[in-house]
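*Asks:* Please arrange chain B on chain A, whose structure you already have, making use of the hints.
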Amino acid sequence: MSGNPILRITAKLLLPAILLFALYVQFHGDFGPGGGFQAGVIFASAFILHALLVGVPAARKVAPAWLVQAALALGVLLYAGVGFAGLLLGGNYLDYNVLAHDPVHGQHLGIILIEFGVGTTVATAMITIFFTFADAEGAPDPAAEDEP
Amino acid sequence: MVVMAVAFILVRDLFAVIMLSGIFSLTAAALYVLMDAVDVAFTEAAVGAGIATVLGLATLGLIGAPAEKVAGRHPLGPLLLAVVTGVALIASTWNLPRYGDPAAPINRHVAPYYITESGREIGVPNIVTSVLSSYRGFDTLGETTVIFTAAAGVLALLGRRRRRPTADQAATDERQP
Numbered sequence: 001m002s003g004n005p006i007l008r009i010t011a012k013l014l015l016p017a018i019l020l021f022a023l024y025v026q027f028h029g030d031f032g033p034g035g036g037f038q039a040g041v042i043f044a045s046a047f048i049l050h051a052l053l054v055g056v057p058a059a060r061k062v063a064p065a066w067l068v069q070a071a072l073a074l075g076v077l078l079y080a081g082v083g084f085a086g087l088l089l090g091g092n093y094l095d096y097n098v099l100a101h102d103p104v105h106g107q108h109l110g111i112i113l114i115e116f117g118v119g120t121t122v123a124t125a126m127i128t129i130f131f132t133f134a135d136a137e138g139a140p141d142p143a144a145e146d147e148p
Numbered sequence: 149m150v151v152m153a154v155a156f157i158l159v160r161d162l163f164a165v166i167m168l169s170g171i172f173s174l175t176a177a178a179l180y181v182l183m184d185a186v187d188v189a190f191t192e193a194a195v196g197a198g199i200a201t202v203l204g205l206a207t208l209g210l211i212g213a214p215a216e217k218v219a220g221r222h223p224l225g226p227l228l229l230a231v232v233t234g235v236a237l238i239a240s241t242w243n244l245p246r247y248g249d250p251a252a253p254i255n256r257h258v259a260p261y262y263i264t265e266s267g268r269e270i271g272v273p274n275i276v277t278s279v280l281s282s283y284r285g286f287d288t289l290g291e292t293t294v295i296f297t298a299a300a301g302v303l304a305l306l307g308r309r310r311r312r313p314t315a316d317q318a319a320t321d322e323r324q325p
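Note that the protein sequences, when read in sequence, are chains A and B.
Just so we're aligned, residue 1 is where the first sequence starts under the working numbering, counting upward by one.
Just so we're aligned, residue 149 is where the second sequence starts under the working numbering, counting upward by one.
Please note that a few of the clues may not be correct.
SDA-like cross-link-like pairs, simulated, lysine to any residue; straight-line CA separation at most 25 Å [as the list claims (entries may be wrong)]: (1) A/61 / B/165; (2) A/61 / B/209; (3) A/61 / B/303; (4) A/12 / B/200; (5) A/12 / A/91; (6) A/61 / A/112; (7) A/61 / B/198; (8) A/12 / B/301; (9) A/12 / B/303; (10) A/12 / A/58; (11) A/61 / A/14; (12) A/61 / B/301; (13) A/12 / B/205; (14) A/61 / B/226; (15) A/12 / A/64; (16) A/12 / B/198; (17) A/12 / B/201.
Sample of chain A residues lacking proximity to chain B, with all beta carbon distances greater than 10 Å (derived) [said to hold, decoys possible]: (18) 4; (19) 16; (20) 42; (21) 64; (22) 70; (23) 88.
Since the hints were derived computationally from the structure, they do not count as laboratory data.
Every residue gets a Cβ at the ideal spot worked out from N, C-alpha and C, and that includes glycine.
For reference, chain A alone in the conformation it holds in the complex (with noise of 0.2 Å):
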């Protein structure tokens, strides 16, 4: 796919603006459509998109599997961490009201919060099983590469 000028300059085009895309959906979940599940799902597409271009080595370089899957972890102990934050400040779990000082407050923080742990989740997740299908793929099988 990377010979063909016209799909590499467009997807180069097309790549920052879902990235950003990305980004707007997150942290504008609490006023329009959206949050942290198809936030992390449209910037994973970013990188599939960027891995389906230039291959998947070299994709791996600008998401190396560590780091991945590092925030693959972190993602859900920010959203489990939100919640024994307020279980310490005295409320119970997932309760966001003790989050800060006024309870509005308190939800919006916690609600920006586990999205962003969402939101990291789902798109590592995503991140994840798609370069390990692809790499699979690559991988040598001579049974595969018999199949016209």
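*Replies:* Just chain B, lined up with the frame of chain A:
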């Protein structure tokens, strides 16, 4: 959508099936927009039509395209079961309350509370977001964990092959002269 569902069964080419499922998801997303469920439509378009299609294509590249026909037993029994279940499901939809009926049980339980109180309690204009991440925070934590588990499972199953491909390859080569 019914036409697409029938086409799913009839088409033997896996590539066409993956493309059809993407189109199916996009149509479903359009339907959700018509039902004013923009958040759901957004997710369906991104996950169902986008990521699922790409993953399907990646899998297809992984396994090649085995288009062999499944030599089957008589399909009459399963077909009968599917038809009976489908008819029962469609018949039961007549008992559902009309879509958007304000007197329906689903619209009288906690929904009015969310609509009237979430602005004061949460202060976020998108009620879907406040329900999803605050009132139902446990659910969303569970969903995030499911996604984490899915990625961990894929890594555990496929991620290891990359580390020692030569040993596995040698073993399979010996077994198949």
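*Asks:* Look at each hint and say if it fits the structure.
*Replies:* Each hint tested on the structure:
1. A/61 / B/165: Violated, because 33 Å separates the two Cα atoms, which is more than 25 Å.
2. A/61 / B/209: 22 Å, holds
3. A/61 / B/303: 18 Å, holds
4. A/12 / B/200: 23 Å, holds
5. A/12 / A/91: It is violated: about 47 Å lies between the C-alpha atoms, which goes past 25 Å.
6. A/61 / A/112: 29 Å, violated
7. A/61 / B/198: Cα-Cα ~24 Å, so holds.
8. A/12 / B/301: 32 Å, violated
9. A/12 / B/303: With Cα atoms ~29 Å apart, residue 12 of chain A and residue 303 of chain B exceed 25 Å; violated.
10. A/12 / A/58: Status holds; Cα separation ~15 Å.
11. A/61 / A/14: Since the Cα atoms of residue 61 of chain A and residue 14 of chain A sit roughly 20 Å apart, the hinted pair holds (cutoff 25 Å).
12. A/61 / B/301: 23 Å, holds
13. A/12 / B/205: 22 Å, holds
14. A/61 / B/226: Given pair residue 61 of chain A, residue 226 of chain B is violated - Cα atoms ~49 Å apart, limit 25 Å.
15. A/12 / A/64: 20 Å, holds
16. A/12 / B/198: 19 Å, holds
17. A/12 / B/201: Given pair residue 12 of chain A, residue 201 of chain B holds - Cα atoms ~21 Å apart, limit 25 Å.
18. 4: 17 Å, holds
19. 16: At about 18 Å from chain B, residue 16 of chain A clears the 10 Å cut-off, so the statement holds.
20. 42: Violated, because the least Cβ-Cβ distance between residue 42 of chain A and chain B comes to about 6 Å, which does not exceed 10 Å.
21. 64: Residue 64 of chain A is indeed farther than 10 Å from all Cβ atoms of chain B, at 14 Å.
22. 70: Label holds. Min Cβ-Cβ 12 Å, cutoff 10 Å.
23. 88: 16 Å, holds
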